Structure formats: structure tokens, C-alpha cells
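Peer 1: Residue numbers (my numbering), protein chains in the order written: chain A, 15 to 348; chain B, 334 to 831.
Simulated from the structure, these hints should not be mistaken for lab results.
Do not rely on the hints blindly, as some may be mistaken.
[What the hints assert, rightly or not] Derived, one-sided and incomplete: chain B residues facing chain A with beta-carbon distance under 10 angstroms:
{"hint": "1", "residue": "Lys672"}
{"hint": "2", "residue": "Asn685"}
{"hint": "3", "residue": "Ile694"}
[Unchecked claim] Which residues of chain B face chain A? A few of them, derived with a C-beta cut under 7 angstroms, are:
{"hint": "4", "residue": "Leu657"}
{"hint": "5", "residue": "Gln660"}
{"hint": "6", "residue": "Pro668"}
{"hint": "7", "residue": "Thr673"}
{"hint": "8", "residue": "Gly675"}
{"hint": "9", "residue": "Ile677"}
{"hint": "10", "residue": "Asn680"}
{"hint": "11", "residue": "Ile688"}
{"hint": "12", "residue": "Leu691"}
{"hint": "13", "residue": "Ile695"}
{"hint": "14", "residue": "Leu698"}
{"hint": "15", "residue": "Val700"}
All values derive from a computational prediction rather than experimental measurement.
Yeah, the Cβ is synthetic: ideal placement off N, Cα and C, and Gly gets one too.
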Amino acid sequence: MIENNKILKKLESNIILGPVIRYFRTNMGILIGFLVLFIFMSFTADNFFTKTNFLNVMRTVSTNSYLAIGVMMAIMLGGIDLTGGALIAFSGCVTVVCMERLGMPIPAAVAVALSAGIAAGAANGVIIAYSGIHPFVVTLAMMSICRGFAYLIADGQPVSTMNKTFPEIGNGYLGFIPLPVLYMFIFLFLVYLLLNKTKIGRHIYAVGGNPTAAKFSGVNITRVKILVWTISGFLGAFAGVVLASRMSSGQPATAVGFETDAIAAAVLGGTSMYGGAGNVGGMFIGVLVIGIISNGLNLLHVNSYWQYVAKGVIILIAVYIDMYKKKKQNTGKE
Amino acid sequence: MPKQILKMENISKAFPGVKALDNACLDLYEGEVHGLLGENGAGKSTLMNILGGIYKKDEGNIYVDGEKVELNGVLESQARGIAFIHQELELEPYMTVAENIFLGREKKNKMGMVSKSIMNEEAMQYLDIVGLNIDPSSDVCRLSTGQQQMVEIAKAFSLNAKIIVMDEPTSSLSEKETGILFETVRLLQRKNIGIIYISHKMSDIFELTGRITVMRDGAYIGTKITKETNTNELVHMMVGRELENYYVRTFNEIGEVALEVKNINAGKRVKNCSFSVRRGEVLGLYGLIGSGRSELMQAIMGLDPKDGGEIIINGERNDKLTPLQCQDKGLVLVPESRKTQGLILGNTVGFNITITVLDKIISKLRVNQKIEKDIVNKSISSFNIKTPFAEQCISNLSGGNQQKVVLAKWLATNPEVLILDEPTRGVDIGAKAEIYKIINELAGKGIAIIMISSELPEIINMCDNLVIMHEGNITGLLSKEEFVSASILNLAIGGGGV
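Chain A extracted, bound-state conformation (with noise of 0.2 angstroms):
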């Protein structure tokens, strides 16, 4: 056993095996999760293992993925955000409304509806480091009132656009890799650079594991704070448009409990609800999970309203044996 432990640690010192031997140590539950029922919706699904499914559950995902970065991340500093889904129609409707109602050109429209995201969030931050109200309460509220201004702007109604190109921003391709495929590992691409080979991603594991001592070391833990709940914002926001070039239209109705899902991947792939741990990695299997349980399901005509049932139970799971490998942790030692 010793001399296993030797080797392993001899091999994760190697620059290209040590990160992969890490992950696959750090992820394990999530990763038998993942393979299991990747394999068991290969036997029973008969369409599930296509590159047309795929493609299809990959581009679904996608949008899940975005607000899970952020989710994440804003679990990971003990906290949360819920202004995900509200923020996919908020910044929907800001969009289409910027093209349709102001006659603004797609860059223009797009960089309002982001830039709004980034305020809502960057709001967020604020309130929360500031006020030390709990961030549950204060993205609740936030949630609240993107909806309402979503409402307002769109007056109620779906706002639709009959321009052209609109469209392709969520329904293009690359190759053959749908766009918002690939804005999802550009995204998680950098969310791991940021929290891995920056100083400010280990002041985030630092302050999400003890903001006291994160503060006597000399982190800002103010900025930080606004620093994730503003990306959160910001990828909120973009899922926002993504979303809506979909479907040509801005909804203020959309993406209801989509944070939801988010909160359900980050959980799943590992991101402790006391704050202090989480990677993408991991997060990235629980989007992925989550997406082949609602695409399993319906390719094998289960009642859509189990996929429901089915991702409470998760949650449940995860967070459970996330708590009980903190308790173990916690009583390792005398």
C-alpha cells in the first residue's frame, strides 16, 4: 500500500500525468457515475450512441454549462447564485428588444444584454460582500427582479426577430462542432485557467475554505467576491443570448429553475457545499450527467416529468456523500 502510494506520487509529480492522475483521484465518484449510465443508456437507448445524439446532447447542455461555471464557483466561495435563469430571459429579451424595438445591430444589442448580465451580477457581488447579507438571499432577490425587468422590457410577451443572422450565433457551426459547443470549452477552458494558474483562483479556494483566515493572509476577499458573481453574471447573460438566437425571440418566461440544473451539475461534479473545493473537471461530468439522464429519458419515452424526479434524488445523493466525506475527513484524526 505504502509502496503504491510511492509510485503514484512519483507519477503525479510528472507534469503531464500528475494533473490527469489528480483528476481522475479527485472525480471518481462522479467519473463510475458518469460510465454507468453512459453504458447503460448505450444497451437500452437505441439511438443514444450516435454522433447525432451526441452533438444534440452536447449542444443542449451547453447552456447548463454556462450557468454551472458560475454556480460553481459561487458555491465553491460558500455561497450560491440563483439568478441564473432569470438572467437567460432577461438578457434575451434585452437583446432581441436592443435589435427589434431600438433597430440596434446584433454586436451592439448582444454587448447591452451582457453588459447588463455583468451588472446584475457584479450587483450581486457587491450587495454580498458588502452588506454580509447571505448570498442565498440576495440572488434570490436578484432572480426576482431580472425576471420583472424582463417582463417589463418585453412587455409581457415574447419579443421574436426575423433577422438572419441572428440565428447563427446558437445555431451555427464550426466544422462540425455547434457554436455553443464550442463556447462551452472556451468557457470552461479559461474557468480553469483562472482557477488554476491564477493567484485570484487560489484566493477563491482560500476564501470559499476560510474567509478569516483568507483575510489575516492578506487576500481581498471583497474583491473576489465580486469578482465571481460578476462572471456568473456575466455567463448568465450569455447563455441569455445564446438561448434566445435559438429561438429568434426573447422570452421573458424562459429558463425557469434552470439554476436548478446548474446547482445539480456543480454539486454532482464534486463542489462542496462548505465552500473550499470544487474543479472544473469534475463540474463538467455533473453538466454532462445531468444532460444524459434528460436525454436518456426521452429517448426511451419515460414521462418527461420523471426527469424531475430523477435529478432531486441526485442532488440528494451528491450532496449527501459530499457530507459524509467531509465528516470523514473531519474525523481522520484525534
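For this one, chain A is given, so just place chain B on it according to the hints.
Peer 2: Then chain B, alone, in the frame of chain A:
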């Protein structure tokens, strides 16, 4: 001849991979205060947890009042009259004193409803016994730590405890509260209650106990009659080797002023404080808990807001610094509580050590693993941190080793002025000696050190000069020749010099 009320013989307990207890023994007479000594990890807590029914013993026998018992679970242990006063108090902060005392055994009136008035009345009797004059209907969170401890003792009384285990009861008490606790312990003694008293503080042990049992590495080393032993012998039993130079301090030339503060004010806790510290000097800062020591330092570091005052680092005045700017200027604070202020417990040893020096490791989206590894390994070896590898989760380390990581983490920034807030609190004797050695080396290198401490022997032996605080004011500045315990204490309680 008093009656033997507890006998634990040849208790063994193994956890996966560790033999936590190996034939441990302990006995207790009624009306006896029995000291239990040992370094962290010596097995004291495991033994007490077995007595409390939290762990199940693998082997051995326990006799309570001469009767052989199996203690399965906390309730069985409680029913045998065994009570615990824990180091970290376990009261419900937002419930009243009376509600806490009767938690889980709420008193009911004739209607079968929980009755506050009956509980308050009965609680009053128990509070009277321990000499605590407070309203039983006040919330526990409004009481001082010392008072909360008294409530725990009152609760033990209400449970008809015959055996009370006290784990480091004075570690967070002021001198005055400690005095009151000692009185209460003697009172319990007169009521024929047997007390097992765990502490790292030798002065407490010698003042209170009749006999002392020493444990080391899970094994029983011996039991001594307090009057017939001395600190050296006990330390020798605890560490298994002679700690010849417990306090190591070579007093060297003191250099120029590294940090000077003038007229610092911060809220109600810090009033008009001025002092300076020089290179190579260890400046002690003594005061009772609540005297504003930590608050003064946190105000200087920019961790808490302050209402004015001058801060001069290396001759350069800079009154408003953030913690990070202080660090850049070489002013560093190693905080008092390693768990809440010092460490990110869920993360690794390496992560914790490097969090203060990320600038050296990370630049332009590149983590320089070689430098990172160098810093971590250097810290681990120079501070003698006992960890199997740098990726070990820090919560798996012993208290003393965690404390060394706390030191390593802030020393990695190469400070010029180092503020140590209670650097040896809650660590065992071996680790203490190592920390003194480190402090001495740092002073030798010309670092200016401010050491906040509530332990007089440590202050007297380690410091060149001493600042004494009382209720937010600096009430005394003493040099080495003037160090006399009585006058230090007198200044600390606001009585003026002797």
C-alpha cells in the same frame, strides 16, 4: 481512606493504522483532582472519549464505584455519573442558561408543557452551588467564556455527576476567571466529586491536583503524587527525553527601530497606544484576555478599522495600510487562532504555506511548480513539520504541527517585523520548545518580533522588553531587568507598578 470511584485498567484501542491506546490506566478517588498529562496525540482524548462512551474500547476493564461497567454510548456514561467540561464549550448559544442546563431533560408543569419558570427556579439552585450569580433566563451567548464554563459545571451538577472530566478548562479564561474556576474545582472536591483535569499548563496542574498521571504515545507512563514531583520530571515523562533548554534565547545586540506606532486608537478596545520594536528584539505584549492586545495588532495591520494614529515602518510613515500592503512592507501578523484565522483546514499543507507568497509562484497563467515545491519543502524541513507529504490535508496534522504551518506560512513572506499572537497556545510541550527555538533564531537574524502571550513564564524567559496592556491602555513598559511576575500582573490588572 477515600473511596475509589473510577478505575480504568489496561485499556487498548486501535484505529485503522494507529494504535491510539495501548494498555492505558487511570484511577480516581472521590474528592480527588487528578491531573492527566501528555503531549497532543498521547491518547488523553481517546481515553476520555472511551470514558464518555463516544468510542468503544477494544480491550481492558472499567470499574465505576467498584462495579465493572461497559459504557456503550454517551447516555450510559452520563447515567453512571460521568460528566465532561469540554475545551470548546458545547452550549446552545441562543438558548437560556436554564434551557441549556436542562437540555434534553426539560422540566414540565402539570399540563405536560415545558415550564420555563420551573426550569429557571431549579437552575438557580445549581448556579448558586457553583457560585455563579447570573439570571438563569439570560441567553448563553451573552455570558463570558468563564461564565459559560460555570454553566457547564452547573449542568454537570444537575446530572448528579460523580466524576467530572475537564479538558483544558483554563485555555480561554482570563486570570480572574481562572481564579474563580479554581475555587469551583475546590468546592467540587469538598463535595466528594472526583475530577480528571487535563491541561498543558503546569502551573494549573501543580496548584490543583493531588496526583498526576502521564501518558505518552497511547501508553501509561506513570502516576505521581503532585507534592513529590516537579516540572522537569513530568516533562521528562511526557516527552521521553530531557528538554534541557526549554526556553532558548540568546540575547543579542538590538538594532534600530523597525516598527513604531504612536497614539493608535481603535473603537473601545484600543486607546492611545504607542510603542516601538527594534531589529533583533523580542518585545512581549502581555495583558489579560479582553485587554485589547489582539485588537491593537489587528488595527495596526489594517485588519480592523482604526480611528487614527501613526504607523512608522523602517522610518517610513504610512498610517493606512491594507493587510497585503503591510505584508509587502515586511510587517506580518501570525494570528491567535490557527483554526479560525490561520489555516484553510480543508486544504493541503502546501496550499496553506504558499497562500501568502503566490506572487513568487504564479505569473502570467503559469504556476512555477519548482519554486512552489522548493518553498513548501523548505518550510516543512526548516520548521520540522511532521507530515507524510505536502499534499496532505492540513486537518490531519496534530495541533503543534498545524501551528508550525501557521508560522511557516507567514515566515515564507520574509518579514522584517513579525507579530506573533499567542504562538504557543494549545500546543504540546515538545512543539512549544521548537517554537521558542524558531523565535530565537528569527530574532538572531535581526527580525523584530512582537510576541503576544498570556503565559508569564514564556514572556519572562523569551522577551527583551515588555509592553503591558489593561483595558485598551498601555499601562507599563518594562525592560528585561524589571521583569517580576508580581509587578507584571499588577500592571495587567490596572493596579500600577510595584
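Peer 1: All hints, please: hold or fail.
Peer 2: Here's how the hints hold up against the structure:
Among the interface hints, the one on Lys672 of chain B holds; its C-beta lies about 8 angstroms from the nearest C-beta in chain A, closer than the 10 angstroms criterion. Residue-level restraint check for Asn685 of chain B holds (minimum Cβ-Cβ distance to chain A is 8 angstroms; threshold 10 angstroms). With a cut of 10 angstroms, the hint placing Ile694 of chain B at the interface with chain A holds, because the nearest CB-to-CB distance is about 9 angstroms. At a threshold of 7 angstroms, the smallest CB-CB gap from Leu657 of chain B to chain A is about 4 angstroms, leaving the interface hint in force.
Restraint check, Gln660 of chain B versus chain A: the minimum CB separation of about 5 angstroms is within 7 angstroms; hint holds. Interface restraint check: Pro668 of chain B against chain A, minimum CB-CB distance 5 angstroms, threshold 7 angstroms, status holds. Given hint, Thr673 of chain B at the interface with chain A, holds; its Cβ is 5 angstroms from that chain's nearest Cβ, closer than 7 angstroms. Proximity of Gly675 of chain B to chain A holds as hinted, the smallest CB-CB distance being about 6 angstroms (cut-off 7 angstroms).
Proximity of Ile677 of chain B to chain A holds as hinted, the smallest CB-CB distance being about 4 angstroms (cut-off 7 angstroms). Hint status for Asn680 of chain B relative to chain A: holds, with the closest Cβ pair at about 5 angstroms, below 7 angstroms. For Ile688 of chain B, the suggested interface contact is upheld, since its CB lies about 5 angstroms from the closest CB of chain A, less than 7 angstroms. Given hint, Leu691 of chain B at the interface with chain A, holds; its Cβ is 4 angstroms from that chain's nearest Cβ, closer than 7 angstroms.
Of the supplied interface hints, the one on Ile695 of chain B holds, with its beta-carbon coming within about 5 angstroms of a beta-carbon of chain A, less than 7 angstroms. With a least beta-carbon distance of about 4 angstroms to chain A, the hint placing Leu698 of chain B at the interface is held under the 7 angstroms criterion. The interface hint given for Val700 of chain B holds, since its Cβ lies 6 angstroms from the closest Cβ of chain A, which is under the 7 angstroms cut-off.
Of the numbered hints stated above, none is contradicted by the structure.
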